[in-house]
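Since the structure of chain A is already known, use the hints to place chain B on it.
Protein sequence lines correspond, in order, to chains A and B. So that you can map any letter, position 274 of the first sequence is 275 in our numbering, and since no number is skipped, the others follow by simple counting. So that you can map any letter, position 101 of the second sequence is 243 in our numbering, and since no number is skipped, the others follow by simple counting.
It should be emphasised that the hints constitute simulated quantities derived from the structure, not laboratory data. A hint or two may mislead.
Calculated cross-link-like contacts (lysine-lysine; reagent style DSS-like; alpha-carbon spacing at most 30 angstroms) [as the list claims (entries may be wrong)]: (1) B:Lys214 / B:Lys914; (2) B:Lys771 / B:Lys820; (3) A:Lys202 / B:Lys803; (4) B:Lys219 / A:Lys278; (5) A:Lys239 / A:Lys206; (6) B:Lys820 / A:Lys278; (7) B:Lys214 / A:Lys280; (8) B:Lys803 / B:Lys834; (9) B:Lys343 / A:Lys277; (10) B:Lys400 / B:Lys834; (11) A:Lys206 / B:Lys286; (12) A:Lys238 / A:Lys206; (13) A:Lys278 / B:Lys343; (14) B:Lys803 / A:Lys182.
All figures in this text were calculated on a predicted structure; none of them were measured in a lab.
Listed below, chain by chain, are the residues.
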Amino acid sequence: MSAVTGAGGGGARGSAVWWTALALIGGFVLSVRAAEESDSGDAARPLSPLLAEPSGPGLPAKFPDDLEVSESCVEMLRLFGERYVAAVNCLVSSARPVRVCQNCYQAYSSFNDIYTNISSGQSGNVSCQDSLMRSDRLMLLFNLYSSLTDIWTSALCTQCLTPDQKSLTNSTLDFISYLNKSLSCFEKYQENHTELCMDCKATYKGLNEMYSTMLKNKGYCIDIEDAMNVTRRLWSKKFGCTVPREETVPVIAVSSFMLFLPVIFYLSNFLHSEQKKRKLIHPKRAKSNHSLMNIQDKFS
Amino acid sequence: MANITKKVSWSGRGEERTPLLNGSEEVRYSRQSSGGSVFHIGRLSTVDLDEDITPEEDPVRSKPKEIPHNEKLLSLKYESLDYDNSENQLFLEEERRMSHMSFRCLEISRWVICGLIGFLTGLIACFIDIAVEYLAGVKYDLVKENIEKFTEVGGLSISLILWAVLNSAFVMVGALAVAFFEPVAAGSGIPQIKCYLNGVKVPRVVRLKTLLVKVFGVICSVAGGLAVGKEGPMIHSGAVVAAGVSQGRSTSLKRDFKIFEYFRRDTEKRDFVSAGAAAGVSAAFGAPVGGVLFSLEEGASFWNQMLTWRIFFASMVSTFTLNFFLSIYHKKPGELSSPGLINFGRFDMDNVQYSLYEIPLFIIMGAIGGVLGALFNVLNYWLTIFRIRYMHRPCLQVMEAMLVAAVTATVSFAMIYFSNDCQPLETVTSEDYPLQLFCADGEYNAMATAFFNTPERSVRSLFHNPPGTYNPLTLGLFTLTYFFLACWTYGLTVSAGVFIPSLLIGAAWGRLFGLLLSLMTTGKLVWADPGKYALMGAAAQLGGIVRMTLSLTVILVEATGNVTYGLPIMLVLLTAKIVGDYFIEGLYDVHIKLQSVPFLHWEAPATSHWLTAREVMSSPVTCFNRVEKVGTIVDVLSNTSTNHNGFPVIIQAAASEEPGKLCGLILRSQLIVLLKHKVFVERARSRLSQRKLQLKDFRDAYPRFPPIQSIHVSQDERECMMDLTEFMNPTPYTVPQETSLPRVFKLFRPLGLRHLVVVDDENRVVGLVTRKDLARYHLGKHGLEELHLAHT
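Chain A on its own, in the form it takes in the complex:
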C-alpha cells in the first residue's frame, strides 16, 4: 500500500486520491479483490509487457476507473519504457571505447522528449503527470529518468552537440577527422617507432592543440576526452614518443651554483661583518644586603 504513504506530495488532487485510497483499505480491499480479478479479463486493454498482469496470486492489475491511469497515459508509459530500453542499450553498447554521445544522442533525445511529454502533462485532457509520476513514493519514472540524465550530464555530451541536440557540432566533427588522420599515420609506421615519432609529430601536435583549445572553451565531451586519452597513451606509452631528460648536467650545474651562493654570502658575512654588541646598563636598585647568593643556591 505504498500509494497511501507517498501520495501526499501531489497537491490537491493527490490528497483526494489519498483519501479514497484510505477508504479502499479501510473497507473492502480484500473483498473487492476477488471480483476485480475475475472481471479484469474483459476490461483488459492491449498492455505492453511492462504492464502485464501478475501471473498467479498478487495485487490486482487495476483499480476502479476513477483511480486508474487513463488510456493515453498507459500508452505514454509504454513508449517511455521502449525508449528507455533503447537508450540504455545504446549506452551499454558504446561503453568502451566511449562513443556515448556520438551514438546515443538520438536515442537519448527521444527518451527525453517522452519524459517531457509526460511531465508537462499536455497530452489529452488528463494530466499523466499526477497519475504516473506523483502517486507513489517510488517515483519510478523520475528515478529512471534522473539516472540517465545524470549519466548524460556527467558525460558532458551537450558540449559536443548543437543546441537543438540533433547533431554533432562542427568542432567535434573537425576533431574526429583530425583524429582519424593521426591514427592513420600511426597505422603507417607501425613497425618503426622512431620514424613514427618524427613523422606523425605534426599531425599529433595539431590534434593536441585542437584539444587544448577545446578544453579552454569548455567544449569537449567524454567521447573526445576518451579518444584523446587513448591516442595520448598510444603516443607516449606504446610508441614511447615522450621528451627525454637530456639536460641533467646544465641543470645540476646551475642549481649547484645557486645553492653555493648563500654559503658564500653567509660565510663572508660571518667573517667580515662586525658583530653587533649590546651595551649593558645597570639599573638603579635599592642598596639591599639581601640575597647576594645565586638564586639556584638558595633553591637547590
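Frame of chain A; chain B shown alone:
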C-alpha cells in the same frame, strides 16, 4: 638600613650567608666582568650605577660592558603603554560635564568604529588576495610557457634562471620597502601585536606607513614564491587599521577628522587594536570566533563581555566583507562561499568520519608535530641570532632575502626536474599551473602541483586530491625541502607569515603518514583517507611551531567548516604543545625574547615568592614636589641618561632629608603638555593664560608627544613654579616594600599598570616598579635568572 636588616632576618637562610657574601664582594665583581651569557640575580642585586649617588662606585663596573646579542636581554627602546586611566581633576571635571546622552553616543561610536575596522580589514585582505593571485598568475604563466617551450628544444636551465630571477625581483622590491622604509613591518607581525596587547609600546608598530609597507611587502613576498603565507600579516594589518580608525585622524598624513576624540588614549586604543587583530584573523582564515579567541588568548589581559561582543562584531563584518568582495571578483556576486584568505575547501561528510581507534594515531601525529615544530623553532632561533649579530645592515638583509628567493626557485625546479612521479590530473582549472615536462601526454608532474603553485593552493590540493595523487617519495622529499626552506625564510626582512608554510609541511607529512598507513594495512584502504591525515598533520605541525591552543583549534575547525573534527584537532594540538614545550617555547615567544622585549607572561615565575618589592624596584626615585620649579622639571626631563616616564609627586616634610610622602603620580607626557602650554603659577596669577587646560589638550598631543628638546623655556620661566595638583593622578597604585613579586605581578599585569609606587609604612616613596623590573625575572634552566638591560 634598619628596615633592611630586619628584612634579612625575616628570610631565614639569607641571614646566614650575608656576612660571607659581603666579604667576597671583590670575587663577585671579577666573576661578573669575566662574562658569560648567564647572569644571576645574586650577582647583580647590589649593583647601583648611578654615579652621583654612589661615590664608592666600583671602578670595574663603571665602564659599560658589551656583550653579543642573546635572548637574555631587555631592550631600553621599549616603553610601556598607559593602560591605567589617570583620574585627575580634569578627568573628573570632564566626566561631570558629559551628559547621559553623550555616554550613549560614545557607546554607539564604539560600535561604528568596530564595524569600520572589520570593513577595512576585509577590504585589505581582499586587495592582498587579488593582487597576489594576479601577480603569481603572471609569473607562473610566464615560467610555465617558458618551460613548455624549452622542454622539447632544450635549454631548461634558462627556465630555471628565469624563475629564480623573477622570484628574486619580486622579493627584492618587497624587501627593499621593508628594510629601508619600515623595518618593523618585517615578519608576520604577530609577535609585535602580542607585545602591543601585552602593554609594550613597540615603536612605529601601528602607523599607517607600517600598514602600507606591510601590505606591499606581503604581496611581493608571496608572489615572489617564498615559503610564506599572507595570513599572519593580516593580523598586523587589522591591528593597524584599528589603531588608525579609532583615533579619527592620521598623524602621518597630518589629517584630523575631529571625530572619535574621546578614544585618543592607550586604554581605549588597546581595545580597538584587539578588535582589529581579531578581524585580521577572521579575514585570514574565515574564522570569526577563532579571531575573538585569538585576541583573548594572545592579548587582552583585561576582558569584558561588551568588548567581546564588539570584537565578535568586527570579526564578522571583516569576514563578510572579504567574502562579498571576493564573490564580486570571482564574478559570482552574492555567493558567499569563500570566507577567508585561505580556503581549506570542504571536507565531505563521507570522508570526515573518524573512528575511535584512529584517535591514538592522531595523538602520535601530534607528538611528531611537536618534535618537528620544536626542531623548526630551534633552527630558526640560531638563525635569528646569527641574523641579529651579523646581518644588521639593510642592504645585506635585502640581499639575503633575494638569495633565499633564488634558492627556493632553484630547489623547487630541481625537485620538479628530477621527479618521476607522473599522475593524471582529474580536473584542470584555470587556477592551476600543471607542468608536464617529461611525463606522458595527459599526465602531469606531481611534484609540480606541490611546488609550482602558491602555498595556499598546494595546501588545498594536499587536503583534497584523491588518494594516489602523490606517491610517498614525492611527499617525503617535499616535506624535507619545504621544512628547511620555511625555517630559513622566517625571520627574513620581508613581511610574511608562518601559518601557511607550517600547514603545508604538516599537510605533506600527514598525507605521507596516511599513505603509509594504508600501505601497511592492505585491504583496509577505506579508513585511511589521506586528506584527513593531511589535515591532522597540518594541525600538528602548526601547533608544534606556534603553540597556540584554544584559538588555533577553533580557527582550524572553522576553516575546515567541520565541527566533527573538533576533538581530534584539539587532541593533536594538545599533544603537539606538550611535546614541543618540553624542548623550546613557541616561535612567537622565541622571537619576542630575541627582540629583547619586556614581555609580561601570565604569571610571575614559579619560584619567586621570596623576592620582595624592595629587591625588584628601582630606587632611588626621581620625585617632584606638588608645586615644583619649572627649571627642575625641565632638567629632569632633558636628562637623556635617565629618561624616566612617571614621577611620583610628593609633599616634602619641611626641612628634612627624609623622602616625602606620596600624593600623586604624573607622567612625562603630561608634564610636556603642561610645559608647552606654560601652565605656571605666576602666569595664572597675572591672568596671562586665557583658558583653563582641558583633557582635550592632552588628547590632541597623543600619541606622539613632542620631545622635551622641542619645547623652549626661557631663563625667566625657569624660575616660575608649576602646580601639579590638578593634573597628577591623585590615587596611584602602591604596594608596601614587603610585597612578594607574584603579588606585585598580580596587580601589575591584569591592571596593565606602567608604574607601581613602592612606599614604606609612612607612605613615603622608596621605589618604583616598572615593567622592566618585573620582566627581567624568568625561569631558566638553572632556576630563576635575571635578564640584563641593554641598549639595542
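Which numbered hints does this structure break?
Those not satisfied are hints 3, 6 and 14.
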